[in-house]
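Put chain B on the given structure of chain A with help from the hints.
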Amino acid sequence: MVPELGHFALIIALALSAGLFVLPLWGAFKGNAILMHTGRSLATGQFVMISVALVCLGYAFLHDDFSVSYVAGHSNSLMPVYYKISAIWGGHEGSLLLWIFMLSGWTFAIALLSRSLPLDMQARVLAVMGFVATGFALFILLTSNPFDRILPMAPLEGSDLNPLLQDPGLIFHPPLLYMGYVGFSTVFAFAIAALLTGKLDTAWARWSRPWATTAWAFLTLGLALGSWWAYYELGWGGWWFWDPVENAAFMPWLVGTALIHSLAVTEKRGFFKSWTILLAIFAFSLSLLGTFLVRSGVLNSIHAFANDPERGLFVLGFLGVVVGGSLLLFALRAPVVKSRPGFSLFSREALLLANNVLLVISMVTVLFGTLFPLIADALKLGKYSVGAPYFNLTFTPFITLVCLLMGVAPFSRWKRSSGSAIRAALKVPLVAAALMAIIVPPILGGYTAIAVAAAFIGSWVFVTTWTDLFVKSNHRLGLRKGLSQLSLSYWGMVFAHTGIAFAVLGVGFTTQYSDEQKVRMSVGEPVQVAGREFTLESLTKVQGPNYVADEALVVMRKDGKLIREFKPQKRRYLASGQIMTEVAISPGFWRDIYIAVGESENISPNTRPMRIHYNAFVRWIWLGALLMALGGLLAVVDKRYRKRVPQNVGAVSTQSTSVEAS
Amino acid sequence: MGRFKLFLPLIALVVLLPLFYVGLKLDPTAMPSALVGNSVPEYSLSLVSNEQQSASNEDLKGQVTLLNVWATWCFACKAEHPYLNKLSQQGVNIVGVNYKDDRNAAKKWLRELHDPYLYSLYDNEGRLGLELGVTGAPETYLIDSEGVVRYRHIGVVDERVWSQILKPLYEQFTATASN
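The listed protein sequences derive, respectively, from chains A and B.
Under our numbering, the first residue of the first sequence is numbered 1, with each subsequent residue one higher.
Under our numbering, the first residue of the second sequence is numbered 663, with each subsequent residue one higher.
Next up, chain A with everything else stripped away, as it sits in the complex:
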């Protein structure tokens, strides 16, 4: 009964979404306030119905209802409860349900928080969200219903969730990622509404900014969590693989990063309007493209779910309508006003424009590399796989430039900056970064071009950011008073840019100073890796809830002192027979020690091949991402976004608070 209830709730949600698309839009067109007011209640109803559907699916999982085909395919009675819950989004149908749940959640949030918006604007924004929801609800109901039953011959046992997904990281990774991914639909809706009304003022940018920043912060967290999960769960020791689906989530992030900076210019100075709109469309279009790439299986990826051309076709059609429609609207309605050159070549506007262009170029290089195998195959040019070397080569230069400019931008002023003042301010950071680039690499293990570059760029970003903070907090009543005058959004920038510095240092150093050794370990025979001694103490069989495992006990000694024990496993999951590598990690601020058990070679019961990794600075990458996300959230809670704006005032004057972020 419960699955049917869920199915029914989804159908009602579809009807409500369709209503949400049509009624407020019609009302806005006709100037009918009653119709426009329906938006909020429809958004609420839609959110409730989709939540009901999600809860029903969860109920089916918790009660091992294997007559539901999706549950039978992704769960097993032996699975621990928390994995039964995360299994809701462990497959295609359920993750789409999560997708639309997030979408309806964002829609509901707009309905709640947008009371200060003019009514027609609010109606149009909600209608656009309703349109997207309609498409996805149809998609779920027509091609991917998670509530389909296997009747009358329901299986007695489920075939288990893919063991790769039976992991705590996977409980949080998809929801956070989707929060970000889908969150860009809000800015998209704001952009489309702006194109429809033709009202593209600074007030518009002010409304859109917190939404864009929130989505961006969640996407940052989701990406970091995904990377962390891949690091310890796939057992390869890598943290980023340029996998098509990773790229699919990374591209909206790059565009989103450009977008939140471009929005700043649109809000503060009223420039880059059509560019901002275009970025908003891009960010969400890339999210949809990502959905298409993952759901249709057109690209080869570890994330790819079952290939189903029918589903692919539906998403492709929807992608065509949404992206094509919005780009057409953009082409027809975007203001072609020649933007008067209201800023000089050396100003904050110009620097942010450069940041935007570089970020978009780097997105295009990633997009090209991701789609190239597909395009080459479609044009019958042959089979290609584009690997990490391409991405590292094309992506790095642009991001390096972005980071270098990032150091200059905080010191710049709107309209026009004095070159000599900036030069003076940058002297200290430049010397400091250069010193770091000279001093740090030898300490860590020697000079390499990449290590020197990373040390320089990372320190450059860090020192410039904090120098600027020091300069801006300089107050005649002392530092404390000065610091308290800085706005939260400024702190947001400081944290986010500091996060970039950490990430740059982490990425650069981990590629240079990590070590990986494949060794054959026998019980009692120590091996040396990265100046440490590793001894395999024993090999034992371990029984888990739904797997059996060979567990190795490895102890690490340094200078004869016992430092840590590791218990890596090779698991065999009972339902699927799949073999999984469960690595053991000794995490650390400066380095991780990471041990994975290899395949049994049947040479001797006391011998196993092992991989021992010494991963320098790898934590800094995720620490950086955390700081970035924290920065984003700080910027969002800045009080200026919560100021009550009198209703029906089109353009809000932009009062400048003491010091504001760019």
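Everything labelled a hint here was simulated from the structure, so no lab data went into it.
None of these values were measured; they are calculated from a predicted model.
Heads up, a few of these hints could be off.
Claimed, not checked - Here are the simulated lysine-lysine pairs, DSS-like style, with alpha carbons at most 25 Å apart:
id, chain 1, residue 1, chain 2, residue 2
1, B, Lys769, B, Lys740
2, A, Lys199, A, Lys268
3, B, Lys770, B, Lys723
4, A, Lys415, A, Lys427
5, B, Lys829, A, Lys518
6, A, Lys639, A, Lys268
7, B, Lys762, A, Lys380
8, B, Lys769, B, Lys748
9, A, Lys199, B, Lys667
Unchecked claim - Stretch by stretch, here's where chain B covers chain A in the computed footprint (C-beta under 8 Å, at least three residues):
id, region
10, 354-365
11, 568-575
The beta carbon of each residue, even a glycine, is placed where N, CA and C say it ideally should be.
Just chain B now, kept in the frame of chain A:
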């Protein structure tokens, strides 16, 4: 130009969509990097020994086979060759892929060094090699009786590689095939 510029993103999309549509019908798992676990790419190539005769990927089915990529210009292949002879004497099925080579040179090589192969495919354009994702000769692929690539070894096959890696797999898949 000002107005036209605004249409550029739309035009880019219009170009991309049909390609995606075609892409939907293609199988991406036939990517070289993901060959293991997938079928051998389709081919139909003439034999080194006789250009009138040809063999296709269908001919690999029915038995477990080592697909060995070799060439006369490949120094390491010469080092590997005696061991392949030894394996073929033990009854191991080996099919050669003569990669970017000259037919006469290849014939001469097999005459002089002994021919361990059931037959050698003449892949002088390197098309099969490309589809296999060959990075350099010699390379050896273990193909099961269904024609699915089960293992890829880059470099010389010697006693250690055979006994530790290939032999267990060879026996395992021979056993599953006969069941």
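Against the structure, the hints:
Taking the CA atoms of Lys769 of chain B and Lys740 of chain B, the gap is near 14 Å; set against the 25 Å cutoff, the hint holds. Between the alpha carbons of Lys199 of chain A and Lys268 of chain A the distance comes to roughly 16 Å, so the proposed pair stays at or under 25 Å and holds. For a cut-off of 25 Å, the pair hint linking Lys770 of chain B to Lys723 of chain B is broken: about 29 Å separates their Cα positions. Pair hint Lys415 of chain A plus Lys427 of chain A holds up; C-alpha atoms about 23 Å apart against a cutoff of 25 Å.
For the suggested pair Lys829 of chain B and Lys518 of chain A, the alpha carbons sit about 21 Å apart, so the restraint of at most 25 Å is met. The straight-line distance between the Cα atoms of Lys639 of chain A and Lys268 of chain A is roughly 16 Å, inside the 25 Å bound, and the hint therefore holds. Between the alpha carbons of Lys762 of chain B and Lys380 of chain A the distance comes to roughly 22 Å, so the proposed pair stays at or under 25 Å and holds. The suggested pairing of Lys769 of chain B with Lys748 of chain B holds, with an alpha-carbon distance near 19 Å, which does not exceed 25 Å.
In summary, the hint linking Lys199 of chain A to Lys667 of chain B is supported, as the alpha carbons are separated by about 21 Å, within the 25 Å threshold. Judged by the Cβ-Cβ criterion of 8 Å, the region 354-365 of chain A is not covered by chain B as claimed, because only 0 of its residues qualify and three are needed. Counting residues of the region 568-575 of chain A whose C-beta sits closer than 8 Å to any C-beta of chain B gives 0, which falls short of three, so the coverage hint is violated.
Checked against the numbered hints listed earlier, the structure breaks hints 3, 10, 11; every other hint is satisfied.
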